[in-house]
Amino acid sequence: MEKTAQKTKFSWSKYSQLLLPLLSLSLIILFNLFRDPSFFSVAITENNAGNTVLTGNLISILNGASELAVLAMGMTLVTAACGGQDISVGALAAIAGSMFVKILRSGEITLGTIALAFVCACAIAIVFGTFNGTLVSVFKIQPMIATLVLYTCGRSIAYWLNGGATPTVESPLINAIGSFIPGIPVPTPILIVIICGIIFALIFKFTTLGLFTQTVGINQRAARLNGINTTFIKLLSFMILGVCCAVAGCIGVSRLGLINHETLLLDVEMDTILAVAIGGNALGGGKFKVSSSVLGAYTIQALTTTLYAMKVPSTDVKAYKAIVIILIVVIGSPVVKAFFSKLWAKLKAGKQTGKQVKEAA
Amino acid sequence: MQNEVVLSMRGIDKVFPGVKALQNVDFTLRKGEIHALMGENGAGKSTLIKVLTGVYTKDAGTITIEDTEVAIRSPQDAQKAGISTVYQEITLCPNLTVAENMFIGRGNYVTVNWKDMERKATEILDNLGIPARAKQQLGSCSLAVQQMVAIARAVDMECKVLILDEPTSSLDDKEVAMLFGLMRDLKQRGVGIIFVTHFLEQVYEVSDRITVLRNGELVGEYEIENLPQVELVAKMMGKELEELSDLVRDDSEKEDTSEPVYQAQALSSAACTNPFDFAIRKGEVNGFTGLLGSGRSESVRAIFAADRVTGGNVTVDGKNVKIQKPIQAMKQGIGYLPEDRKDDGIIADLSVRDNIILALQVMKGFFRPFSQAEAEAFADEYIKALEIKTASSETPIKSLSGGNQQKVILARWLLTHPKYLILDEPTRGIDVGTKTEIQRLVRKLAEEGMSVTFISSEIEEMLRTCSRLIVMRDRHIVGELRGQELTQSNVMRTIAGGVD
Chain A
19 MEKTAQKTKF SWSKYSQLLL PLLSLSLIIL FNLFRDPSFF SVAITENNAG
69 NTVLTGNLIS ILNGASELAV LAMGMTLVTA ACGGQDISVG ALAAIAGSMF
119 VKILRSGEIT LGTIALAFVC ACAIAIVFGT FNGTLVSVFK IQPMIATLVL
169 YTCGRSIAYW LNGGATPTVE SPLINAIGSF IPGIPVPTPI LIVIICGIIF
219 ALIFKFTTLG LFTQTVGINQ RAARLNGINT TFIKLLSFMI LGVCCAVAGC
269 IGVSRLGLIN HETLLLDVEM DTILAVAIGG NALGGGKFKV SSSVLGAYTI
319 QALTTTLYAM KVPSTDVKAY KAIVIILIVV IGSPVVKAFF SKLWAKLKAG
369 KQTGKQVKEA A
Chain B
25 MQNEVVLSMR GIDKVFPGVK ALQNVDFTLR KGEIHALMGE NGAGKSTLIK
75 VLTGVYTKDA GTITIEDTEV AIRSPQDAQK AGISTVYQEI TLCPNLTVAE
125 NMFIGRGNYV TVNWKDMERK ATEILDNLGI PARAKQQLGS CSLAVQQMVA
175 IARAVDMECK VLILDEPTSS LDDKEVAMLF GLMRDLKQRG VGIIFVTHFL
225 EQVYEVSDRI TVLRNGELVG EYEIENLPQV ELVAKMMGKE LEELSDLVRD
275 DSEKEDTSEP VYQAQALSSA ACTNPFDFAI RKGEVNGFTG LLGSGRSESV
325 RAIFAADRVT GGNVTVDGKN VKIQKPIQAM KQGIGYLPED RKDDGIIADL
375 SVRDNIILAL QVMKGFFRPF SQAEAEAFAD EYIKALEIKT ASSETPIKSL
425 SGGNQQKVIL ARWLLTHPKY LILDEPTRGI DVGTKTEIQR LVRKLAEEGM
475 SVTFISSEIE EMLRTCSRLI VMRDRHIVGE LRGQELTQSN VMRTIAGGVD
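So the protein lines, in turn, are chains A and B. So this note's numbering is basically just the index in the first sequence, starting at one, shifted up by 18. So this note's numbering is basically just the index in the second sequence, starting at one, shifted up by 24.
Because the hints were derived from the structure by calculation, they are not lab data. Just so we're clear, the structure is a prediction, and the values are computed from it rather than from any experiment. Note that CB positions come from ideal geometry on N, CA and C, so glycine has one too. Hints may be right or wrong, so weigh each one.
Listed next, the stretches of chain A that the computed footprint assigns to chain B, with coverage defined by at least 3 CB atoms under 8 angstroms from CB atoms of chain B [stated by the list, open to error]: (1) 206-218; (2) 231-237; (3) 242-255.
Derived CB-CB ranges, DEER-like [stated by the list, open to error]: (4) V347(A) - Q396(B): 27 to 35 angstroms; (5) A356(A) - K366(B): 18 to 26 angstroms; (6) D364(B) - L220(A): 35 to 43 angstroms; (7) I212(A) - P299(B): 44 to 52 angstroms; (8) W362(A) - Q396(B): 28 to 36 angstroms; (9) T460(B) - K360(A): 33 to 41 angstroms; (10) Q396(B) - S332(A): 43 to 51 angstroms; (11) C171(A) - A295(B): 36 to 44 angstroms; (12) W362(A) - V94(B): 37 to 45 angstroms; (13) T460(B) - I212(A): 54 to 62 angstroms; (14) W362(A) - L195(B): 33 to 41 angstroms; (15) D341(B) - C171(A): 50 to 58 angstroms.
Could you build the full structure based on these sequences and the hints that come with them?
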C-alpha cells in the first residue's frame, strides 16, 4: 500500500514540468469553451482535391503548429545542453527548404527524388548546424551571438541556392506532404510531427543522450570529470536541431508548393524559444522535457488561432499575444511558484491544525 | 602608539543552520600593526572577516572601534566605521581610470570635478609610492598595482582597519615585495592591517602578531617571535607539538616490492607546473598532505587528467598508457572524487540514481544506456551499501545533506570498480559519523585490493587512514613519510620545512 503511494508521488514529480504548458493550454481552451463552443467542432468535409478530410479549429491548430513543434523539439536539446538558444532556426529552415526545392526542380518529382531532396536538405542543415555548434562548443561563444551569424546571412544563402525569387515545385506528391495524403483525413504535417516525436522517444530510449545532455547542461565541469565529451554533446544538439530545421523547412515548402526565402518561417525562432520556455524548461540549461516544449508550441498556436477566430485584426494579433505570453511567463516564474508552494504549505498546515482543534474539541 | 587598540571583537558568535561557524571568538587589532589571521579551511577566518565587514550579522558579541561600540549591519556600516576590505579578486572596474576607481561611488554623485579628482589621486599615489598614473586605465596596470590602487582607495577613505583577504595569491614574488612595502608604509601611518593568507613564509615576513582560529574557535593570539613556524602549523591543525610527538602507528607497513598499479614520472599539468614522480601499489592507501594551496589537489588532478596534462610518463600495471582526458583515466580503472563537491562532483538537479550510474554509464557508452531496471538496481544496491539517506533514488541529489551527497559521488566511483581510487577531501564538511564511515570504507577497499589516494586537511584522519604520506609545500613534494615516521610532529615538521 505504502509502496503504491510512493510510486504515484514519483510520477507526479516526473511530470510536474508539464503543468505549466498544460495549464496555459487548458486556460486557452476553457476561454474558447465559454466564448464559443463551436470553436471545437470538427467536421468531415471534402476538400478541393476530392479527399475526405477533417477540418475545424482544433485540426488547424495541430496542423499549423507542426513546424513550430518540430523546431521546439530540437531547440529543447540545444537549450538544455548549451544553456542558450539558437536564433537562426528560421534562416536555417529556409536554407534547407531552398535545397529541397533545388533538388526537386532538377528533375521529375517522384517519391525517390523527394527522399533524395529531403536527405540533401538534412545534410546542408547538419552542416550549418555543425557550424553553429562549433562556434558554441569549441569557441565558447554565447549561443545567441554565435547563431546571430547565420540568422543574419541565412536567408541570403537560401536565395543564392536557387537564384530566383520564389521558385515553385508543383506536384501532387508535394501537395500530399503539405496538406493531405489521399485516403488519410489527418493533415500530413501532424503525422510528420508524430513521427518526429516517435524518433525522439526512440533516441532517448536507445542512447544516453538525455542523461548526458542534462549532465552537461547542469554542471559542465562535473560532466567532463565523469568522462563526458561536452563538446560533442553540444555539437550533437545543434546537429539534431539542424535536422529539425530541415524537416520544418520541407513542411513549409510543401504547404505552399514554393519557397519564398524571405518569408518562409519568418520570426519562427522567437516562437520556438517561447515554446521551450512555456514548456517549463530552464533556459539556462539542464533538465528538459521535449514533450513539454511541444505542448508549449501547441499553446502558442492555439493562442494565435483563437485570436484570429475572435476576428482580431492581424495587425493587432501580436499585441494580444504578448499580453497572454506575459501572463503565462509570470505564472511560471520562480517568484510566483514559490508563492504558490508557500500557500500550499500553509493550507496543508491549516488543515492539520484544524484537525487537531477538532480532535481536541 | 604601538599598543593603542583600534579594533576589539569580543565573544563573537555566528551560527549557520546546523553549524556553529564562530564560537566566542575574540580578536584584537592594535594601531599600526600587521596582524595575520590564520586557520585551515573551515576555521572561521572568512566568517570572522564577513562579520566585521557587515556581510554577515553576528549572533552575539561586541565590536569596538577606538573605544566606541559599533553596530555593523551592512558593508556601508563597516565603511562608515572605518573598516575597509581588499578582497582576493579585485572588485574595481578595469575599464575605468585609476582616479575614477579611487573616487567612484563616494561623495557627490551628480557632479564630478575631474581635474580635482585627478589631482587628488596623483597626490595619494605619489604619497604611497604606487607606480600608477591617475589617468591610466586600471586594466592596463599589473595585478599588484591594481591591488595597491584598491588599497589606496581604502586608505583614502580614512580607514582605521584595513583587511587584506588573500591579497598575494595571484601575485608573483616581485609584486608581493611591492605590496609588502606598501603594507609596511601604511603600518607606519598607524593603520591596523588584518592580513589573511595561507602562505606561511609571507606571514613571517610582514606580520607582528598572529591570531589562530580552528573550527570556529579562538586558539590564541601570539607575538610572531614567540611562535615558530612548526608550532603555528600545529596550532592550525589542532595539536600541541609536545603531546603528539610520539604517537607511532602500530601497524608498521612491511616493505612491498610488487609492481605499482599506477606510476607516473615527471607528471605535470596546466595547474601544477612542477613535474613530480608518483607511484602506488596494489592495496595501498597513500595520502598527499600539506596546507591549503600546497598543490596536493593539483597533483591528484594531474593523475586523473582533470586539468590539462602537459607532460610526463604514465604506466598502469606496468604498461605505458596515455592519460590526457578523464575518460582515458577512467578506462584505465582510475576513479576521482573531486575536492569541490558542488562544482565538480554532483549534478545538482539530477536524481540520486542518475548521479550514481553516471560514470559507469559514460564508460559503457553512448549507445548502450542502462535500462530503468538496471539503473534502479545499481542505485538501490549502493544506497543500501553506503547507507545513503535519501527519500528515494528519484530524489534530486541537491536536496540531500552534504555527507549523503558525498556518499552518492563515492557510490558513483565504486560502481565503476576502479583499481585505483583518488579521494580528494572526501570528508570535508560532513558530520563525524559519516567521516568515520568513509575512513572505514577506505581501509576495507584497500584490504580488498584497491589502491586509494586519500587527501584530507585533518592530519589525524590522514594518519589513521594512510600507510604512506607525501608531503607538499608551495607546490613541491618536500618529503615522503611511511611506517614509523608517520607521526603528527613529523608531518608538521616536514610541512613547515624542517624548521625547529
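Consistency of the hints with the structure:
no.	hint	verdict
1	206-218	violated (count 0)
2	231-237	holds (count 4)
3	242-255	holds (count 6)
4	V347(A) - Q396(B): 27 to 35 angstroms	34 angstroms, holds
5	A356(A) - K366(B): 18 to 26 angstroms	22 angstroms, holds
6	D364(B) - L220(A): 35 to 43 angstroms	37 angstroms, holds
7	I212(A) - P299(B): 44 to 52 angstroms	59 angstroms, violated
8	W362(A) - Q396(B): 28 to 36 angstroms	30 angstroms, holds
9	T460(B) - K360(A): 33 to 41 angstroms	39 angstroms, holds
10	Q396(B) - S332(A): 43 to 51 angstroms	48 angstroms, holds
11	C171(A) - A295(B): 36 to 44 angstroms	40 angstroms, holds
12	W362(A) - V94(B): 37 to 45 angstroms	43 angstroms, holds
13	T460(B) - I212(A): 54 to 62 angstroms	56 angstroms, holds
14	W362(A) - L195(B): 33 to 41 angstroms	53 angstroms, violated
15	D341(B) - C171(A): 50 to 58 angstroms	54 angstroms, holds
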